[in-house]
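Novice: Residue numbers (full-length UniProt numbering): 1 to 350.
Please note that a few of the clues may not be correct.
[Stated by the list, open to error] Pairwise CB distance ranges (calculated):
no.	residue 1	residue 2	range
1	Pro129	Ser91	32 to 38 Å
2	Ser272	Pro63	44 to 50 Å
3	Pro129	Glu286	34 to 40 Å
4	Asp252	Ile133	22 to 28 Å
5	Glu286	Gly245	43 to 49 Å
6	Arg59	Trp292	24 to 30 Å
7	Asp236	Thr126	24 to 30 Å
8	Ala235	Val300	35 to 41 Å
9	Pro129	Ser56	16 to 22 Å
10	Ala131	Asp236	39 to 45 Å
Don't read these hints as lab results, they were simulated from the structure. Since this is a predicted model, take the numbers as computed values, not measurements. Beta carbons are placed, not taken as given, at the ideal position from N, Cα and C, and that holds for glycine.
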Amino acid sequence: MEVGGATALARPVFGFKKVGSFNLKRCFNSGTHNKCSPFVVKAIQSQNKSYVKASSSKRERRPQNVLGDFFVDHTCIDCDTCRWMAPEIFSRADGMSAVSKQPESKEERVKALQALLSCPTSSIRTEKPPADILEVQKTFPIPVNEQRIPGVYHCGYHSDKSYGAASYFIVHPEGNILVDSPKYTDKLARRLEMMGGARYMFLTHRDDIADHMKWSKRLNCDRIIHSEEVDASTADVERKLQGSGPWNLADDLELLHTPGHTKGSVCLLHKSLKVLFAGDHVAMGESGLSIWEIYNWFSVPLQIKSVEKLMQFNFEWILPGHGRRAEFRDIEDKNSALESFLAASATGLD
Numbered sequence: 001m002e003v004g005g006a007t008a009l010a011r012p013v014f015g016f017k018k019v020g021s022f023n024l025k026r027c028f029n030s031g032t033h034n035k036c037s038p039f040v041v042k043a044i045q046s047q048n049k050s051y052v053k054a055s056s057s058k059r060e061r062r063p064q065n066v067l068g069d070f071f072v073d074h075t076c077i078d079c080d081t082c083r084w085m086a087p088e089i090f091s092r093a094d095g096m097s098a099v100s101k102q103p104e105s106k107e108e109r110v111k112a113l114q115a116l117l118s119c120p121t122s123s124i125r126t127e128k129p130p131a132d133i134l135e136v137q138k139t140f141p142i143p144v145n146e147q148r149i150p151g152v153y154h155c156g157y158h159s160d161k162s163y164g165a166a167s168y169f170i171v172h173p174e175g176n177i178l179v180d181s182p183k184y185t186d187k188l189a190r191r192l193e194m195m196g197g198a199r200y201m202f203l204t205h206r207d208d209i210a211d212h213m214k215w216s217k218r219l220n221c222d223r224i225i226h227s228e229e230v231d232a233s234t235a236d237v238e239r240k241l242q243g244s245g246p247w248n249l250a251d252d253l254e255l256l257h258t259p260g261h262t263k264g265s266v267c268l269l270h271k272s273l274k275v276l277f278a279g280d281h282v283a284m285g286e287s288g289l290s291i292w293e294i295y296n297w298f299s300v301p302l303q304i305k306s307v308e309k310l311m312q313f314n315f316e317w318i319l320p321g322h323g324r325r326a327e328f329r330d331i332e333d334k335n336s337a338l339e340s341f342l343a344a345s346a347t348g349l350d
């Protein structure tokens, strides 16, 4: 069962049957060769040239970028990935990301290149080919916080199939876990294999499955998703959760049914590290926790009720698919943030 990938970018495709309103059935047969009228050929050539020109212009540097090597082009989909991965370098300008400051230190340059590699639409570019790109590729997956949550990594390599959602890798003594799907790349696959591969690939919901099939075959891991999220693209998933759970992958790994964003959304709670892998259930926004109601696919009231259910669980981190990470001082701080969100949500529903 599956969940079709999240919204992908639609691009015009010019094939041999139809181009715009010009149907190639207007071609005629002359001897051994099929020929098209000059009118149709010119129309095709004109539209192809326009498409190439438009595509080329989208790859040009946005004027909102500061001068320097790094820049964001016009294909940016405003997914926010680069802005939370390298906030010193990237910011939002006129509805898209832009470089607001060029890297000045090695650490800033590494972060900028990590964001470049993770951009789902390859919208971050450099004026000169980066000589250190291969070294930066070796930094993936990236530790989230080695001191507080050792063994938890951000995979990077976000996919446009899941609209730039983040995925994570958990090193665990009972078998490693890949949470949601990054874009499939051989370099990342080799790095994960060096870290022990994966026993499970846990898919939080239908939106963020991206290249799950390729990862499952490469890592030979069982995929897990709720049965309510299954569709044609996930019909062959090895483990389909039924009912409302909870379900356990290990003594300290619990799967929580949190319907709302979608009917079968599920979060993973890492009890020993106090981390909630939330998918698109809840994340940090500009002014506190948010569920981004405009992107809800099932039920906003049910999603709010599922967020309220999180009050009973002990965690100090939220690692989402979309949105910003949330780090809390302790359980009281976490509950205070949830209470503020619920209070604001109650006001909005009145």
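Novice: Please go over all the hints and tell whether each is borne out by the structure.
Specialist: Here's how the hints hold up against the structure:
| no. | hint | in the structure |
| --- | --- | --- |
| 1 | Pro129 <-> Ser91: 32 to 38 Å | violated (25 Å) |
| 2 | Ser272 <-> Pro63: 44 to 50 Å | holds (49 Å) |
| 3 | Pro129 <-> Glu286: 34 to 40 Å | holds (35 Å) |
| 4 | Asp252 <-> Ile133: 22 to 28 Å | violated (37 Å) |
| 5 | Glu286 <-> Gly245: 43 to 49 Å | violated (32 Å) |
| 6 | Arg59 <-> Trp292: 24 to 30 Å | holds (29 Å) |
| 7 | Asp236 <-> Thr126: 24 to 30 Å | violated (40 Å) |
| 8 | Ala235 <-> Val300: 35 to 41 Å | violated (28 Å) |
| 9 | Pro129 <-> Ser56: 16 to 22 Å | holds (19 Å) |
| 10 | Ala131 <-> Asp236: 39 to 45 Å | holds (42 Å) |
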